[in-house]
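Undergrad: Residue numbers (this note's numbering), protein chains in the order written: chain U, 1 to 456; chain V, 1 to 423; chain B, 1 to 448.
The set of hints was computed from the structure by calculation and includes no laboratory data. Be aware that a few hints might be false.
Listed next, the in silico DSS-like pairs over lysine-lysine satisfying Cα-Cα at most 27 angstroms (straight line) [unchecked claim]:
| # | chain 1 | residue 1 | chain 2 | residue 2 |
| --- | --- | --- | --- | --- |
| 1 | U | LYS278 | V | LYS411 |
| 2 | V | LYS210 | B | LYS335 |
| 3 | V | LYS282 | U | LYS444 |
| 4 | V | LYS197 | B | LYS222 |
| 5 | U | LYS443 | V | LYS315 |
| 6 | B | LYS262 | V | LYS224 |
| 7 | V | LYS315 | V | LYS282 |
| 8 | V | LYS141 | B | LYS61 |
| 9 | B | LYS41 | B | LYS148 |
| 10 | B | LYS144 | B | LYS61 |
| 11 | V | LYS411 | U | LYS304 |
| 12 | B | LYS148 | B | LYS426 |
| 13 | V | LYS238 | B | LYS426 |
| 14 | V | LYS141 | B | LYS280 |
| 15 | V | LYS138 | B | LYS305 |
| 16 | U | LYS304 | B | LYS335 |
| 17 | U | LYS443 | V | LYS213 |
| 18 | U | LYS278 | B | LYS134 |
| 19 | B | LYS335 | B | LYS280 |
| 20 | B | LYS262 | B | LYS400 |
| 21 | U | LYS265 | U | LYS285 |
| 22 | U | LYS291 | U | LYS237 |
| 23 | V | LYS213 | B | LYS235 |
| 24 | U | LYS444 | V | LYS213 |
| 25 | B | LYS424 | B | LYS61 |
| 26 | B | LYS276 | V | LYS149 |
| 27 | V | LYS224 | B | LYS244 |
Remember, predicted model here, so these are calculated numbers, not experimental data.
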Amino acid sequence: MKLTRMTPASLKNKTQLVFMAALLCLGLGSLYSLPLSAAVQTEDKAEVIAIVGAKIVPVTGQIIDSGSILIKDGRIVDLGANVSIPAGARVIEARGLTAYPGMIDSYSWLGLEEISGVRATVDNRETGRVNPQVKAIEALRYDSMHIPIARANGIVAAVVAPSGGLISGQSTLIKLDGWTNREMVIKESLAMIIELPAIRRSRGGFSGFRGQQPQVTTEKTLDELRQIFKKARMYEKRREAARKNSLLPLPEFDEASHFLLPVVKGELPVIFSVHADKDILQTIKFVQEEKIKAIFYGVEQGFKVAQEIKEAGIPCIIGSLYSLPPVWEDGYDALFLNPVILNQAGVKIAFSSSSASTAKDLPYQAAKAAAFGLKPEEALKAVTIYPAEIFGVDKLLGSLEPGKTANIVLADGDLLELGTKIQKVFIDGKEVSLENRYTELLKKFEQRETDKQVNK
Amino acid sequence: MILFLLSATWLLAGGDLLIKNATILTVTGGVIPNGDVLVLNGVIKQIGQNLTAPAGVRIIEANGRYLMPGIIDTHTHIALSGTNEGTDAVTPEVTMAEVVNADDTSIFTALSGGVTMVHTMHGSANVIGGTNVVLKLKWGKPSEELIVKEAYPTLKFALGENVKQSNRTLLPGRPQRYPATRMGANALIRTELMRAKDYMATWDRYEQLKKSKNPPANLFPPRKDLRLETLADLLRGKLIARCHAYVAPEMIEFLNLSKEFGFKIGAFEHAWEAYKITNELKAAGVGISVFIDSWAYKMEAAEGIAYNAAYCTKKGLLVSINSDSGERIRRLFNEAGKAVKYGLTQDEALKLITINAAKQLGVDRLVGSIEVGKQADLALFSQHPMSAYTRCEMTIIEGDVYFDREALIKKRAGASAQKGGLS
Amino acid sequence: MNNHFKKWQPALVRPVAIAFLIMVLAASLLDPAQAASPEVKPAYALVNCRIFPVAQPVIEKGIILIRDGLIEAVGPAGKIQIPEDAELIEASGLNAYPGLISAHTNLFLEIKEQAQPATPEEYMAAFSQPAEPKEFPWLQIVEKIKPKKQTVETYHRVGITTVVVAPHEGIFQGQSVVLNLNSDQIHGMVLAQPWALHINFATERGVYPSSPMGTLAFIRQKFYDTQHYSQHLQKYRQSPHFLKRPEYDPFLEALLPFVIDKKPIVFQCNNLEEIKRALKIIKEFKLNAVLTGCNEAWRASQQLKSASIPLLVTLDFRPPASSVYAQQGQAIREKAEKEIYPANASNLVKEKMNFSLTSFGLNDTDFVKNLRAAIKAGLPADQALRSLTIEPARTLGLEKQLGSLEPGKIANLILTRGELFDEKTKVVKVIVDGTVFTYEEKGQCEKR
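Here chain U stands alone, though its shape is the one from the complex:
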């Protein structure tokens, strides 16, 4: 069989198809021989690491007061109170420390923003209203100074999201370790970001200043989206038809429609940034009508419609709690009580830093909600297993269980507490450096003591 010019007619030949498929599989197979992370391993893959004597908080199981965790090939192979340590294992003494799963930040600008006031270093906002073609992974500065700082506080993975306009682009899920942005990818295209209007602030409010009134209502915006989605579906139909029948002209390339196809087909979820209670209800209706997969972000007035969100089965990423409630009547603690009420109503919640420079504050966002009534175990879940479940990576991330990726944090206390010091962080079974911008500069200027003595 010779490789003839590929024509639709010839491709219909089944034998040829099978042959092509086989070639493809072999090719891909060689590429896929490595696990999720293609990071350069400093240790031998076959080496076993044993963390012994730690208190273990698996998140999805009982807390083990003193136990061990075995790591091999980047995975947790065993954990428990009585785990036998194989000979030749590298033992890490962890008495007095607590082992947690690494935390997952459900919405950040890590790698897209260095100095927020210097535009040249900011890449999170594209210009224009409809930009589904834009992908956060392609701008990710993996050597951002904020990433090691977040990692040093126990965050091992983060959603990096573009922002701005109506359809901001495709967010990505990365692990906070890798020599290039591609090495950090967990899910290259995680979810489309769509931003709906902010809450219409009444004058004054908490900050005492007049709030900014959004130009368009959510109702109008959803109408606009409906039209855009409709156009995408129509585009797809026409392209499909043209593919099947070469006599039909190809419709003009429409980038927006093209990149929205996975969304309208229900394959790529959408993270809706939505805020006011009425807007949340309208968006739920929209999601159900359009039959798309949705996650909500922000949801400042979610507590008012918690039941409806629960029934719709839509998970909620809580926006930064480092804000004032936009509506005075909701009460000074509305933003803090919001995740508590949602959680109690059965909504799956996850916390976010919504930042780059304070991404390390993710655990304290969770603790803040706990201060206002969220059960501490739920707060911990909302930065570990719940985000993993929301983003469909819970088979490998979000808790300490055999078979899962070895993303482990060893802390000298409660992971969500302010004073806790992180001693070690493992990502993909590799111990990662906790050196960061803060420690580098500190060490440099601690030198001054010795220098001064010499000079004086």
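With chain U fixed as given, assemble chains V and B onto it according to the hints.
TA: Just chains V and B now, kept in the frame of chain U:
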């Protein structure tokens, strides 16, 4: 005698309370588990166990909750009708004490985070901005009653990017304001202070001539210039400088200016690079008022490190944590709590928002710790204030309760759906 | 002689008669006084009306005599002798009140709404020129007034016969004038020119002072400078030898009468803090001051009482953006507009304070609506009347001429069918400076 009576009447204006069974974080005298605090006429009268109060005094059952001194924020812009006179680069004549706005809802926001006192300031748009004012957050009281007269009178200076307007787009037809560089800013301070010195000399000459045996016929007083009067007050020691500075060279050079003209510096604000020059700051006896980790928003904040506050404390500087924000002010206790991660103990971290702040403002005789004789500015927390899991439950100023979460919750439960406003 | 005369007469009669007629015609045509000169006004006697003199108790059935624009007599029927030459105006079933005075308006000024920049070009243009400082202490607002007959009639219909027209731009806004709404010819309307210097705690944009604290420092510095300027001028006049001559400064020249000679200054106060700030400056420079706006006057009642400063209280109940009631949500904001601010006047009455009410910020319909709301909120009707008659007359220094129905005062009055502040009441006749304007229920004004 009159002063005594006047002060007594002022004291009578405070409230009476007995707080029972609290974990008392005195700040200057250790922790008293299961202690009581008796407040009469707004002053802490007794601290101990099993205290009794006169009849009619409100009793607050702490049930083991944590009582700390009211939090003091040394750098805010709340409770003012304006922030910046951002036109001329030198406007020391503007007086923030004249634009106190007791109706600002940010006062309530701050109270909900245990803050009882603020040093509220002119902004950082100008090299020399204006005089500032220290307020107690007595929500609902008229503006005059908020002003803390005992505090150091301060004059706001600012250096760096805000003053250079380097983060603004230049509008057509509007020339770049002088100074556009850091050297211009320092030169401007120097020339204005020299001008103030001349102004003082002119007035001195006039006074001399007026008193002399044969004053000349054409003797006429100089023009009173409010701008130069204020600078003269700085040189006379009647005002101390509070200088917004980020990078180390700004602080070094400002220290030099203070030596050159003999004025006192209260503290550097923000001082992100203070860790680089702890020796110089220590030698000059100048403290800092900083964030814990809000950094990387401007180039001059790009080398800020979260270890700054803790490291400088360990090097012997007087350090306070501030909010500079109507939002962050209500989690100032969390910000201080983070300092534990970066090297301080919980007790040391607590000082950053209490006694250290009081010292910087010159009111440490009155507030900043729980001691007999001090004003009863207190905050009650559900957990240790340095814990991430804590929340503020009650805020008390001079024995009067200004924020009461329990009462607020009850009110919400009892009110109709149309609730608005404050307790 | 007789023959001679008889012979002369017939021939001359016709031409002389014609010449005479021509002269008479010419005289009547050429007489310029017809349209503009003050006509000889009739003397009037209003009879059988119910009179509210304000300075005296109500007269159930009384007579008012008006001559040459002034009130000649006021009294109960039977006590007053109606002069022969008086034109009778039957006023049975009508109430007579002194004409209302609104001591703060921007009437007859063509104020252009500052359009918000809509396009990016407009936005940039708004910043592109260095903003001119808008200070006009020398401005005589009377020069900008364009009286309109329509407006006069509208205000008559709500009972207002005297207004202060005040300038409205900048911090040092300019000098106001007091007008009688007797026509649309400005010169005949002026009662007092100028009345006062108006100061508002506004800010400049892009130029110093652009902040509230900057404005306060600016005002103070100007007052100090005025004092210094005055001292310098005085000294120079006494003895210019070896003395540097004072440099002419139009700003300070304009301030001299008010800061040094203590002519009245009006401070506009839109909230509690501005009242306090104004009081401080007034005390510091010992000014002869009046406060206007004063929507939150009740909150500063103690300080205002001890300062004993005349108040011009607005009936505009909209909470300004800086108001505490505008910052705690929509519910409180509405409550402020419907309940809290309308109760301002009645609270002042409870504190036994005197004040005037003004229509500042309102059109005629809202003025009446809000006045009724203030009365509903507890302001006694007779106090409301005083606050619109004798109190503003006193504040304006015109109490000898206006504010009550007394002999010798200017004949400014209104005749209403019904009690003055009732909903169904209509103003039927308005007399200003003795000129009678008749407003029937539906219809046009008849001026006599």
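Undergrad: Check the structure against each numbered hint from earlier and tell me which ones fail, lowest number first.
TA: Going through the list in order, the structure violates hints 2, 8, 10, 13, 17, 18, 19 and 24 and respects the others.
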